[in-house]
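Protein chains in written order, with our numbering: chain A, 1 to 338; chain B, 1 to 338.
If a hint is listed, it holds; no wrong ones were tucked in.
Derived SDA-like pairs (lysine to any residue); straight-line CA-CA distance at most 25 Å:
{"id": "1", "chain 1": "B", "residue 1": "Lys168", "chain 2": "A", "residue 2": "Met45"}
{"id": "2", "chain 1": "A", "residue 1": "Lys292", "chain 2": "A", "residue 2": "Glu247"}
{"id": "3", "chain 1": "A", "residue 1": "Lys249", "chain 2": "B", "residue 2": "Asp42"}
{"id": "4", "chain 1": "B", "residue 1": "Lys204", "chain 2": "B", "residue 2": "Thr308"}
{"id": "5", "chain 1": "A", "residue 1": "Lys270", "chain 2": "B", "residue 2": "Met45"}
{"id": "6", "chain 1": "A", "residue 1": "Lys270", "chain 2": "B", "residue 2": "Gln44"}
{"id": "7", "chain 1": "B", "residue 1": "Lys249", "chain 2": "A", "residue 2": "Met115"}
{"id": "8", "chain 1": "A", "residue 1": "Lys204", "chain 2": "A", "residue 2": "Ser142"}
{"id": "9", "chain 1": "B", "residue 1": "Lys270", "chain 2": "A", "residue 2": "Gln44"}
{"id": "10", "chain 1": "B", "residue 1": "Lys168", "chain 2": "A", "residue 2": "Met115"}
{"id": "11", "chain 1": "B", "residue 1": "Lys59", "chain 2": "B", "residue 2": "Gly40"}
{"id": "12", "chain 1": "B", "residue 1": "Lys292", "chain 2": "B", "residue 2": "Gly242"}
{"id": "13", "chain 1": "B", "residue 1": "Lys168", "chain 2": "B", "residue 2": "Glu284"}
{"id": "14", "chain 1": "A", "residue 1": "Lys168", "chain 2": "B", "residue 2": "Met45"}
{"id": "15", "chain 1": "B", "residue 1": "Lys168", "chain 2": "A", "residue 2": "Gly40"}
{"id": "16", "chain 1": "A", "residue 1": "Lys204", "chain 2": "B", "residue 2": "Gly141"}
{"id": "17", "chain 1": "A", "residue 1": "Lys270", "chain 2": "B", "residue 2": "Gly118"}
{"id": "18", "chain 1": "B", "residue 1": "Lys25", "chain 2": "B", "residue 2": "Ala15"}
{"id": "19", "chain 1": "B", "residue 1": "Lys168", "chain 2": "A", "residue 2": "Pro47"}
{"id": "20", "chain 1": "B", "residue 1": "Lys249", "chain 2": "A", "residue 2": "Asp42"}
{"id": "21", "chain 1": "B", "residue 1": "Lys249", "chain 2": "A", "residue 2": "Ile116"}
{"id": "22", "chain 1": "A", "residue 1": "Lys168", "chain 2": "B", "residue 2": "Pro47"}
{"id": "23", "chain 1": "A", "residue 1": "Lys270", "chain 2": "A", "residue 2": "Asp225"}
{"id": "24", "chain 1": "A", "residue 1": "Lys168", "chain 2": "B", "residue 2": "Glu48"}
{"id": "25", "chain 1": "A", "residue 1": "Lys204", "chain 2": "B", "residue 2": "Leu143"}
{"id": "26", "chain 1": "B", "residue 1": "Lys292", "chain 2": "B", "residue 2": "Ser275"}
{"id": "27", "chain 1": "A", "residue 1": "Lys168", "chain 2": "B", "residue 2": "Met115"}
{"id": "28", "chain 1": "B", "residue 1": "Lys168", "chain 2": "A", "residue 2": "Glu48"}
{"id": "29", "chain 1": "B", "residue 1": "Lys25", "chain 2": "B", "residue 2": "Leu61"}
Cβ-to-Cβ under 8 Å is the rule here; a few derived chain A residues that face chain B:
{"id": "30", "residue": "Val43"}
{"id": "31", "residue": "Gln44"}
{"id": "32", "residue": "Ile46"}
{"id": "33", "residue": "Ala121"}
{"id": "34", "residue": "Val123"}
{"id": "35", "residue": "Gly131"}
{"id": "36", "residue": "Arg135"}
{"id": "37", "residue": "Thr151"}
{"id": "38", "residue": "Ser154"}
{"id": "39", "residue": "Glu160"}
{"id": "40", "residue": "Val161"}
FYI, nobody ran anything at the bench for these hints, they're computed from the structure. None of the values given here were measured: they were computed from a predicted structure. Glycine is no exception: its CB is placed at the ideal position from the N, C-alpha and C atoms.
Number of protein chains: 2
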Amino acid sequence: MGVVIPLEESKNKLASVQPLVDLTKADMERVNQLILSKAGSDVQMIPEVANHLISSGGKRLRPMLTLASASMFGYQGNAHVKLATSVEFMHTATLLHDDVVDESDLRRGKSTARMIWGNQASVLVGDFLLGQAFRMMVDVGSLDALDVLSTAASVIAEGEVLQLSVAKNMETTEDDYLSVIRAKTAALFAAASEVGPIVAGTGKAERNALKSYGMNLGLAFQLVDDVLDYGGKAADLGKNVGDDFREGKITLPVILSYRRGTADERAFWKEAIESGDNGDDNLEKALGLIGKYGALNDTIARAVHYGTIASDALAPLPESPWKSALMEVIDFCIDRVS
Amino acid sequence: MGVVIPLEESKNKLASVQPLVDLTKADMERVNQLILSKAGSDVQMIPEVANHLISSGGKRLRPMLTLASASMFGYQGNAHVKLATSVEFMHTATLLHDDVVDESDLRRGKSTARMIWGNQASVLVGDFLLGQAFRMMVDVGSLDALDVLSTAASVIAEGEVLQLSVAKNMETTEDDYLSVIRAKTAALFAAASEVGPIVAGTGKAERNALKSYGMNLGLAFQLVDDVLDYGGKAADLGKNVGDDFREGKITLPVILSYRRGTADERAFWKEAIESGDNGDDNLEKALGLIGKYGALNDTIARAVHYGTIASDALAPLPESPWKSALMEVIDFCIDRVS
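Start from the sequences and build out the full structure, keeping to the hints where you can.
This is the structure in structure tokens:
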């Protein structure tokens, strides 16, 4: 089904991540080298599993945030490369564990590591990458950066457990859901963006600006991801439309449709989400209800709201190509649904 | 089956962990308080799962090692309590993930967390505890201690993956097996013992002494654990005799029996270990072969060997009640099989 972008967001040219990619190109090559080196081990299964996921075509948005948020303050050293790699490893470890928790078969159109090497390898290689991430942070030696990233590690895991404990509960409110995605997605975006100014040695205002930018960008990113699950094309997404629904996952489009629905419609959602095993019939009905209540457009409107907060967080910083690139990433995240 | 303790190890009175327990009693109360506080979360499932394991009657040997190895150098602050708690959380996280990897139903005679709350909660609460462990280390602020413990985290995970990749392979040598237990068990004992002198601000010699003590104590501890799995009593162990064998786990008693066996006996081991689904008949046959080749006594002899290295590592340090207590722990670990 089509998604209508709110008028004020439509542009002749869609926003792009390309300026950020171009600006961080040289540093990202160093990140990629470090990823390969730190995912290495004499235990052959470790690089196999790690590289399967690392080379599977993610955008590497999070490490680019760290690089840009250090470089925009004139940082020239090597610490941001190590922290960016740590951030990507934390993210990769989370994905490996998520696939086990969600019992996922596919990620980005490829078989998940757990389907090839088993749940065991996914759990343990995730643990290894997390350990390597911490070693790189320790190597950088900034206790402030360690504080931010270790706190993020706890918060992410706490958010995942929260998600597990509200799973299948249709009384989940939008606020509950926001708590989940703030922890499980946005906290790492925030940490990735905050450690840049930390290693660059800026003042507290710049740290807070980048932290707020990352947090709100992360919320917008996750909300758009939730919309894409219902509105995207399988070929583009590397996963099937409606995967979240098929598995009974509660995301904002479901929450809005449920709360706005009739008693009969709410009964449908309850049963479908609780069963967590939905076929095409149920998906078609769900898409109809989501359309009826404008739940995708309204989820996008929420994403635009957080995107605006991210933009205002950066606004006071001096103009630079870095700032423009980070600003454009906000629109890029939201424009993905068009 | 009975186990004969080598003559030079037999004593009138068995060695005890009690002196260490007594010396660390006040600090362990602070550790226990900190465990409860840092395993807390508004997400109710987290303290439930964490407390299930934390309160299930482990000896808390690792945090006592950290406390003693700081106190023996006169350390008086609070950092060793935080690091001891971090060490226990790292251990708890490993147990939660291990139970998922091994698909275990029982630990210390109680249902495993994964049997009660599911694999998902075990993976995620483990991640949370690991995150909390790192936050406490960061709070202590010693980059040296962070380096030791984050390296241990990587090495432990690497050891677990190594164990996974040699699983069911009967060509595993004693050296291969030692690499596994050095990483998955002894590395945390070593790190727990090394961070004590680090926070106490000793010289390099004391750090190395405690690290070597912990590493070799850990090897002895794991080897005796392997013997206990074949020789202990279910009531004492909280698990059934022969669990390792039933699941097809390769430990040193199996390696020795296999390598010393006839062609027929080797064929038996190969099939039993590869099937990983052994009943009482096979267990009885395995116990017979283990007895025939003295594999339990020889595994204990290996444990005694590493225990002696641990003892010699501590030998040059000045005499004190702490040193005596740590020395007695070596014998205690080995005497457990009697």
